[in-house]
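If you're matching them up, the sequences are chains L and Y in order. Just so we're aligned, residue 19 is where the first sequence starts under this note's numbering, counting upward by one. Just so we're aligned, residue 247 is where the second sequence starts under this note's numbering, counting upward by one.
Since the hints were made in silico from the structure, they are not lab data. Where is the CB? At the ideal position from N, CA and C, for every residue including glycine. Warning: the hint list may mix true and false statements.
To be verified - To spell it out: a stretch of chain L is covered by chain Y in this simulated footprint if at least three of its residues, at any positions, have a beta carbon under 8 Å from a beta carbon of chain Y; those stretches are:
| hint | region |
| --- | --- |
| 1 | 115-127 |
| 2 | 206-217 |
| 3 | 241-247 |
Said to hold, decoys possible - Pairwise CB distance ranges (calculated):
| hint | chain 1 | residue 1 | chain 2 | residue 2 | range |
| --- | --- | --- | --- | --- | --- |
| 4 | L | 392 | Y | 266 | 55 to 61 Å |
| 5 | L | 327 | Y | 483 | 52 to 58 Å |
| 6 | Y | 266 | L | 213 | 57 to 63 Å |
| 7 | L | 208 | Y | 483 | 45 to 51 Å |
| 8 | Y | 311 | L | 213 | 58 to 64 Å |
| 9 | Y | 266 | L | 96 | 48 to 54 Å |
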Amino acid sequence: MLKRQLSIVFVGHVDHGKSTLVGRLLYDTKSISEDRIEELRKASSVTDNELEFAFLLDHLREEREQGITIDTTQTFFHTKNREFRIIDAPGHVEFVKNMITGASQADSAVLIVDANEGVQQQTKRHAYILSLLGIKNLIIVINKMDKVDYSQAVYDKVVCDMRALIDQLDLCSQYYVPVSALKGDNICTRSEKMDWYKGNILIEILEQFGESEEKEENFNVFSVQDVYRIGDKRISVGRVEAGKICVGDEITVIQSNQTTNVASIEVFEKEKTEAVCGECIGLTFEDSIFVDRGNVLYSDKSILKLTNKFNASIIWLGEKSLAVNETCTIKCDVQEVRGKIVNIISKINTGSLGAEEKESDKLNYLDAAEVEIETKEKLAIAEFNQLQSLGRFVIVTDSNINAGGIII
Amino acid sequence: MDYLDRLENESIYIIREAYKQFGDVAMLWSIGKDSTTLLWLIRKAFYGKIPFPIVHLDTGFKFKEIYEFRDNYAKKWGLNLITYQNEEALKRGVCPHSGKLECCTELKTNALKQVVEKNNIKALYLGIRRDEHGIRAKERFFSVRDSDFEWNYKTQSPEMWDQYKTKAKKEEHFRIHPILSWTEMDIWKYIEREEIPMVDLYLAKNGKRYRSIGCETCCNPVESDADTVAKIIEELATSTVSERSGRAQDKESDYMMQKLRSLGYM
Numbered sequence: 019m020l021k022r023q024l025s026i027v028f029v030g031h032v033d034h035g036k037s038t039l040v041g042r043l044l045y046d047t048k049s050i051s052e053d054r055i056e057e058l059r060k061a062s063s064v065t066d067n068e069l070e071f072a073f074l075l076d077h078l079r080e081e082r083e084q085g086i087t088i089d090t091t092q093t094f095f096h097t098k099n100r101e102f103r104i105i106d107a108p109g110h111v112e113f114v115k116n117m118i119t120g121a122s123q124a125d126s127a128v129l130i131v132d133a134n135e136g137v138q139q140q141t142k143r144h145a146y147i148l149s150l151l152g153i154k155n156l157i158i159v160i161n162k163m164d165k166v167d168y169s170q171a172v173y174d175k176v177v178c179d180m181r182a183l184i185d186q187l188d189l190c191s192q193y194y195v196p197v198s199a200l201k202g203d204n205i206c207t208r209s210e211k212m213d214w215y216k217g218n219i220l221i222e223i224l225e226q227f228g229e230s231e232e233k234e235e236n237f238n239v240f241s242v243q244d245v246y247r248i249g250d251k252r253i254s255v256g257r258v259e260a261g262k263i264c265v266g267d268e269i270t271v272i273q274s275n276q277t278t279n280v281a282s283i284e285v286f287e288k289e290k291t292e293a294v295c296g297e298c299i300g301l302t303f304e305d306s307i308f309v310d311r312g313n314v315l316y317s318d319k320s321i322l323k324l325t326n327k328f329n330a331s332i333i334w335l336g337e338k339s340l341a342v343n344e345t346c347t348i349k350c351d352v353q354e355v356r357g358k359i360v361n362i363i364s365k366i367n368t369g370s371l372g373a374e375e376k377e378s379d380k381l382n383y384l385d386a387a388e389v390e391i392e393t394k395e396k397l398a399i400a401e402f403n404q405l406q407s408l409g410r411f412v413i414v415t416d417s418n419i420n421a422g423g424i425i426i
Numbered sequence: 247m248d249y250l251d252r253l254e255n256e257s258i259y260i261i262r263e264a265y266k267q268f269g270d271v272a273m274l275w276s277i278g279k280d281s282t283t284l285l286w287l288i289r290k291a292f293y294g295k296i297p298f299p300i301v302h303l304d305t306g307f308k309f310k311e312i313y314e315f316r317d318n319y320a321k322k323w324g325l326n327l328i329t330y331q332n333e334e335a336l337k338r339g340v341c342p343h344s345g346k347l348e349c350c351t352e353l354k355t356n357a358l359k360q361v362v363e364k365n366n367i368k369a370l371y372l373g374i375r376r377d378e379h380g381i382r383a384k385e386r387f388f389s390v391r392d393s394d395f396e397w398n399y400k401t402q403s404p405e406m407w408d409q410y411k412t413k414a415k416k417e418e419h420f421r422i423h424p425i426l427s428w429t430e431m432d433i434w435k436y437i438e439r440e441e442i443p444m445v446d447l448y449l450a451k452n453g454k455r456y457r458s459i460g461c462e463t464c465c466n467p468v469e470s471d472a473d474t475v476a477k478i479i480e481e482l483a484t485s486t487v488s489e490r491s492g493r494a495q496d497k498e499s500d501y502m503m504q505k506l507r508s509l510g511y512m
């Protein structure tokens, strides 16, 4: 049977070969159509290179000229055993927000390290962001082995450094693989030049890579997105955020503390008595209770908190700094409130992963910090480790999403 | 939930979110497989009672099957259908033979600008997908267009955790892309599962079928014997030709699609 589609983000320091690796995967799995290969040949002859795999993804003209990936690109391919969605994330220092956009949609990550250059600033930063996004399982690809004469000693040294980084960030990885994306070693064909490597090659790892386990939760949460009046029914539409919701369940609205039972689950032209985590459905209730967007409903044991004070780990992505006590908008799931950071507890340098000694009364571009947040109205939240959807939030200033954070 | 369920739910979430945020919305329906699938999802999201207009930009050069399908299902599904033509350009004689870039720009892009302005549309649902074309892979689910309809992809907000940019300047509007993550294969598998009605131009007749449809003048059929949806799915699993290879817009020059998009094209 086909395994579930795996969506993977490719991250790593600039020039460590992300786009080339993705291009090579597409080419070797014969996922590129004939007319695209022809386009590629034309483009390559212009710049006098061999087939430039990176061109496939760096589709915009100016990217071709600059040779760096500007934005997130998604590509799809499959082998006979599995379908894949790959998200190529940029490595240039200015484009971290695009990497976050890409990585937040992935359920696994490939972190690429240049064998010659080893662990660099962005290797650390990207690993840190992955830990912040809750992507715990990594595949570490040691690339450009052709540049170091396929040396096992060089490979072992990089693996050793990477293990230390993984441990420090509380991530985990059981997969390390030496490759050359340019030459195609250990991507889809086993390399004869690295007979010292006995592990699986990259495509084998990807085909077998663990599916993110769907946890059996013993708590049930529904978040209300909107309320529709359809005929004589008042339907609260939204998404099951944890566990499941069944007709007849007793549920409580955390904001108003009102309790009622689910009268029906409403989906278009279908009968439904049960909905599971991730389903977008509508609910009607036995009693007429007031329900509105942003309300969070739960049954059984609750891990939710209704509060206007919490601590969080955040990364600031805005070009303009955010000062302590400056008003901003906080969006958590479909809840939206005004709030502010009242205290910066500590700052982390994402490039070195050391503690930051600089000023601590504002957040600058790419600062990561542990902070205390206060909001005007109360938010229904959970700890990120217990419930991701209500344990993470973004900060909006000047109409733009400028930070992401997780509740700790 | 299986993989298609996941995609369906992601799309419905985005559709409902955009309606709640903007209110004055509309959907652009080209009557092709993608936008018809999007329309199907929108009907699901609003329980068959879509609270906003469905816009068809009529270049006047579409296949007759497209017009028949449009009128038939607009009635059947009770759509509030707005069909719109850039009459001024048509009167001037703009047509595919007078230049393809000008024709697309006038009859699609400028027609779209006019319809957005006239109907005071703040956000427009579109059925584009990331796997269609390299440039579309850069898109966001909620994507801002400025007053000239230009897309500044470099300054886009990050999009994470179902949080989207929802505020813009008064003269700007949003493009909403609920099926951005779907592939061509996903679309056909979903059409098969849901038995979504489709224009029969997609099905092979006399050894040829259309893989992508638009104006009759600028679409070429591909060689194919796939005369059922199941056979199309089978064909796609082994095909090495890209989806839009029969579309003139993509062939004309390497960067025609990029030019079109930067001018505000879908």
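Hint-by-hint comparison with the structure:
1. Counting residues of the region 115-127 of chain L whose beta-carbon sits less than 8 Å from any beta-carbon of chain Y gives 6, enough to reach three: the coverage restraint holds.
2. By the rule of at least three residues with a Cβ nearer than 8 Å to a Cβ of chain Y, the coverage given for the region 206-217 of chain L is violated, with 0 such residues.
3. Using a Cβ-Cβ cut-off of 8 Å, 3 residues of the region 241-247 of chain L lie near chain Y, which meets the minimum of three, so the contact claim holds.
4. For the hinted restraint 55 to 61 Å between residue 392 of chain L and residue 266 of chain Y, the CB-CB distance of approximately 26 Å leaves it violated.
5. In this structure the hint that residue 327 of chain L and residue 483 of chain Y lie 52 to 58 Å apart at CB holds, the actual value being about 54 Å.
6. The hinted window of 57 to 63 Å between residue 266 of chain Y and residue 213 of chain L holds, with their beta carbons roughly 59 Å apart.
7. Between residue 208 of chain L and residue 483 of chain Y, the C-beta spacing of about 26 Å breaks the proposed range 45 to 51 Å.
8. Residue 311 of chain Y and residue 213 of chain L have their C-beta atoms about 60 Å apart, which keeps the hinted 58 to 64 Å range intact.
9. A hinted range of 48 to 54 Å for the beta carbons of residue 266 of chain Y and residue 96 of chain L is inconsistent with their spacing of about 36 Å.
Consistency note: the structure conflicts with the earlier hints numbered 2, 4, 7 and 9.
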